[in-house]
Every structure is written in structure tokens, then in C-alpha cells.
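In mature numbering (1 follows the signal peptide of the UniProt record, and there is no 0), the protein residues as written are -25 to -1, 1 to 524.
Hints listed in this document are in silico derivations from the structure and should not be mistaken for laboratory results. Honestly, I wouldn't trust all of these hints.
Result set (DSS-like, lysine-lysine): computed pairs, CA atoms no more than 30 Å apart in a straight line [to be verified]:
1) 59 x 131
2) 448 x 480
3) 221 x 274
4) 182 x 249
5) 59 x 273
6) 128 x 158
7) 448 x 249
8) 158 x 131
9) 221 x 249
10) 158 x 249
11) 294 x 182
12) 522 x 428
13) 249 x 294
14) 264 x 187
15) 131 x 167
16) 221 x 167
17) 51 x 182
18) 182 x 274
19) 480 x 428
20) 158 x 344
21) 59 x 249
22) 221 x 273
23) 522 x 118
24) 264 x 59
25) 264 x 182
26) 221 x 182
27) 273 x 182
28) 264 x 167
29) 480 x 118
30) 128 x 182
31) 167 x 182
32) 51 x 158
33) 264 x 274
34) 249 x 274
35) 273 x 187
36) 59 x 187
37) 118 x 131
38) 264 x 249
39) 167 x 522
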Amino acid sequence: MSLTLSLTIISSTLILLLLFHPRHKILTRAASGNWHLLQPNIGIVAMHMQLLHTDRVIIYDRTDYGYSNISLPAGKCRHDPNEKYVPTDCTAHSVEYNVAANSIRPLMVLTDVWCSSGAVMPNGTLVQAGGFNDGDHVVRLFKPCRINNCDWKEIKDGLFRRRWYSTSQILPDGRQIIVGGRKQFNYEFYPKTTSYDEIYNLPFLVKTNNHKIENNLYPFVLLNIDGNLFIFANNRAILFDYTNDKVIRTYPEIPGGDPRNYPSTGSAVLLPLKENVGAEVLICGGAPKGAYNKAYNKKHYVGALDTCGRIGINDLNPKWVMETMPMGRVMGDMLLLPNGNVLIINGAGMGTAGFHLAHNPVLAPVVYKPDSLVGSRFEVQNPSSRPRMYHSSTILLRDGRVLVGGSNPYANYRFTRVLFPTDLTLESFSPSYLDPTFSDIRPRIVSPISQSKIGYGQQVPIRFTIPSRGLDKGSVMVTMVAPSFTTHSFAMNQRLLVLTRLGLKAVGNSTYQIRVVIPCSVNLAPSGYYLLFVVHRNIPSEGIWVKIQ
């Protein structure tokens, strides 16, 4: 037998073994997606981010690192005798990013916002809850404006309990619930209905507490379509009726039993929702059991989890379906894109969350396509050149880009002589749908205008244009996205609604009108501001702001 023939047989055998190996990952490697540096230095680490309906992004870090790299306006300083590093600080630890102008404006926070949570109220005000040290009981309000004179307003005792690493979720009645936090196995509401509003114990958080290292911080809290809350902590989940303080369903443990919450830090998302269709949750990545202790005590960084669990939370017999990502990822962010796909971005391939506890940055994002066949849902994107490790975050912008910032894997600001320096840059990732080659099929919304108000159950005609005459009527859909408050790999409050279609017709040269129905239920779509997109052949338009009320 010739050497060439022998090598051919060996190669064929290896290919067959790979194809039929149970751990084989079927994925599409696409050289798609582009990165752009927006700001070389915004002055702070983008640890927390929220897009507001003014197309301004509120970003903040923490106040106890020392001086930041951006000054407050002249005459403004923060005085705190309890501050560890600088009792008098005239630098900013929060900024407002103007997307259209690509500019930064310093904001003033008086108390420490480190590892806090947030949610946007129906009127568009960002409500931020808790933090560290003198900020752990504080509620902060940011009411957006367009004339650059708005700033944080602080309510000193807005919370009954210390909230550090807690989660905020907007509720159908417009309030927000704040769940958990370090050494807090309970929840409370904001705003308070009365001065006697209560703290409610949540034994589930006690059961999921490891004691040696809490793997139930920043619990994944998602609003189900029935108005109850899906709460995942450590490796388990419940469906919780917060109005009656009652667990109404306990879900099976995620297969493998590995923790997925901080500091193991996977990510979770509620997959796109449709009227009269069930809800599914996707949880991806994280760090295996014991990863934190190995990294902290032994400087041994174990490989991150490469699995995702998907579950229909309203099924009669809900079960996790496991899938395998192209690579392991801890501290990865999951964002809903306007076309219904999920972007998995940032993070590391080894270690866990926490200062200097992760190695091997994962530079390439991955797109997950929920409607594709199992085994072909993941598509690897073009990589960034910047590690986004601990304390990085990301959000969706109205034009379909993804804003990415942060990374501070070491205590304090350390820019040199460390493996992964503190990163104060801000960049954007443009998914493949923004590629100019799709310009001839990209929709543009003509009406309604941005900032329109719409009602529950209302039929809304949406007029849009497509440059070419190649309209594929069957591929047109309208989506609404609730922008997220993102920190520590969890995009709180994000949800994507696929609106019911009633009809589509041509109304002019390359101009069309689609009629859709706004959801009837506040459980499905809580009141407030959403980004509305027309999607054609998987290519979304630029979004417009709408307010459901």
C-alpha cells in the first residue's frame, strides 16, 4: 500500500471519528462582524451600562479606587471622610455617553456604586440600587435630559437592606424588585408603597448559598409571561409568585450541577417572546465547581464551562436541553440582537470572576441562533484585539451596534506591569447584519416617528422602505427590544418581543406597510420605552423609540 493511500485512509478514519464523537461541535466559522474604537479613554471603567431613550448611555464604575481619569466640572468635588484612598475627590466615577456625538460628559455620584443593580422605570428614569460601603442602602435616580444639565439624585436610605451584588427587575406594575445581594437572602421593592413596606425572606437564596463561596450573587431574575419571576441561583431555579411570596414551581437542577452565578458567572437571557407562545430561558458558560477556590488559593485556573442549558419554563414537564458552545467562556455577556439572535461576547476561557482570577481572554464573540437546528446554532465572529475581563459590560444601541467597554481585572486602576491592564476604552461591535453588502435589503422605518406612544393591544401600521425591489414578504418581522442594564455578565430587564403580523402590502415605490399588534399584557411587555425594529431577511432597520403606556 502506498504512503499516500495510507495517509488518505488514516485521515478519513479521523474525520469519521470526529463526526460521530458525542462531544463533536458543529459550528459555522464566519469571518463576520467588525470592531471600531469609539473612545480611547472615557475616564472610568464601564462596569455598569444602561441605554436611555435619549440615546445617551449612563456608565459608572466605583468610587473607592482613587482618582479616575476624568475630572468633574469646575467647583465640584466629592467629600467622604470614610473613603479609603481619597477623602476629597474631584474626579468623576460616572459618565454619560452621547451616542450620536460620540462624546463623554462627567456625572457626579456621591456614594459608592460598586457592584450595584438598576432598572429603567416606565417614565424613562434610571433607578440604581445599592453598592458598597456608604452606598449599600442608597437608591440613585437619573432622569434623562437632552440639554446636558441632568445628574444623579441620591436617596440615602432608599433601601431597607444592604444591596451589594443584587439584581433589579422591572415589574408589570412599574415598580422594581431588588433580589438578594451579599449576605442578603431576601428581596424588597422600589418605590416603596408605604413607609411600612417590608423585607421578604427568600429561602431559595439560602438553599443555593455555598457558604464557603457564594455562587448565588447577581441571581438571574427574569419576568415570565405570566407575571411571575424565573429566578436562577447557583445551579437551580424556581418560578416565584412575588405578589403572594410563594414558590409555585421548582425546576430540575441544570445538568452537570455546576454553578452559573457570580463568581462562577455565566450569563442568562429570556429568548424572544411571541404572543400566546411559551417562554424559554438560555443560560450559557460559567466556571465549574471549585473554580473560585482553585484560582484564589492555588493560582490554578480551570477551563470555563462550554455548555448552555435551554429550558421552556412554562412547559408541563420542563427539562433542560444542553448544547455545546464553540469554546468555554466565563464572564461572557449575552445580548438579544434585533433579529432575535443572541450575541455572546467578552469574558475568559479559564478561571472565574473576581480580581486577577481569570486567564485566557475570549476575544471572539459568538452568535447563537435560537431557531436553527440543534448543532448548527453557534456562529463564531471576528475577534476583538482587547481583552474584556472582569468588570466589563456591553449593551445594544439603537442603530444595531453593540457597545462594549470596561475590564479591570485587578484591584485599583492598574495600567502597567499586569497581565490584563485596566481598560478605559469604549468600542463598538457591528454584527454581520450591518455589513454594507446588505444595504440593498436593509429596511428603513418611515413611520411612526421615534418617541411615539402606543397602547396595549393597539394595531400599529409601520411604513418602511427597502432600496431594492427584492422584498421577501415571508421574512419580514417587527421586534421590540427593552434595553438592558448590564453589569457582571447579566443584562437585567432585557426582553425582545416579536410582534404579531396582520398584513403586509406595498404602498409606493419600494415602500411597504406592515400592520402589527402591540401585546395586550403588561406581563409580556411592561410599560416603558422600547426599541422597535423592522427586520427583513434577518437584516434589521435602525430602531426607533416607542413608549408603551
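Each hint tested on the structure:
no. : hint      : result
1   : 59 x 131  : holds, 20 Å
2   : 448 x 480 : holds, 9 Å
3   : 221 x 274 : violated, 42 Å
4   : 182 x 249 : violated, 33 Å
5   : 59 x 273  : holds, 28 Å
6   : 128 x 158 : holds, 27 Å
7   : 448 x 249 : holds, 19 Å
8   : 158 x 131 : holds, 21 Å
9   : 221 x 249 : holds, 26 Å
10  : 158 x 249 : violated, 37 Å
11  : 294 x 182 : holds, 21 Å
12  : 522 x 428 : holds, 5 Å
13  : 249 x 294 : holds, 21 Å
14  : 264 x 187 : holds, 12 Å
15  : 131 x 167 : holds, 14 Å
16  : 221 x 167 : holds, 20 Å
17  : 51 x 182  : violated, 46 Å
18  : 182 x 274 : holds, 29 Å
19  : 480 x 428 : holds, 24 Å
20  : 158 x 344 : violated, 37 Å
21  : 59 x 249  : violated, 50 Å
22  : 221 x 273 : violated, 41 Å
23  : 522 x 118 : holds, 16 Å
24  : 264 x 59  : violated, 33 Å
25  : 264 x 182 : holds, 16 Å
26  : 221 x 182 : holds, 15 Å
27  : 273 x 182 : holds, 27 Å
28  : 264 x 167 : violated, 38 Å
29  : 480 x 118 : violated, 40 Å
30  : 128 x 182 : violated, 36 Å
31  : 167 x 182 : holds, 27 Å
32  : 51 x 158  : violated, 35 Å
33  : 264 x 274 : holds, 15 Å
34  : 249 x 274 : violated, 46 Å
35  : 273 x 187 : holds, 16 Å
36  : 59 x 187  : holds, 27 Å
37  : 118 x 131 : holds, 17 Å
38  : 264 x 249 : violated, 36 Å
39  : 167 x 522 : holds, 24 Å
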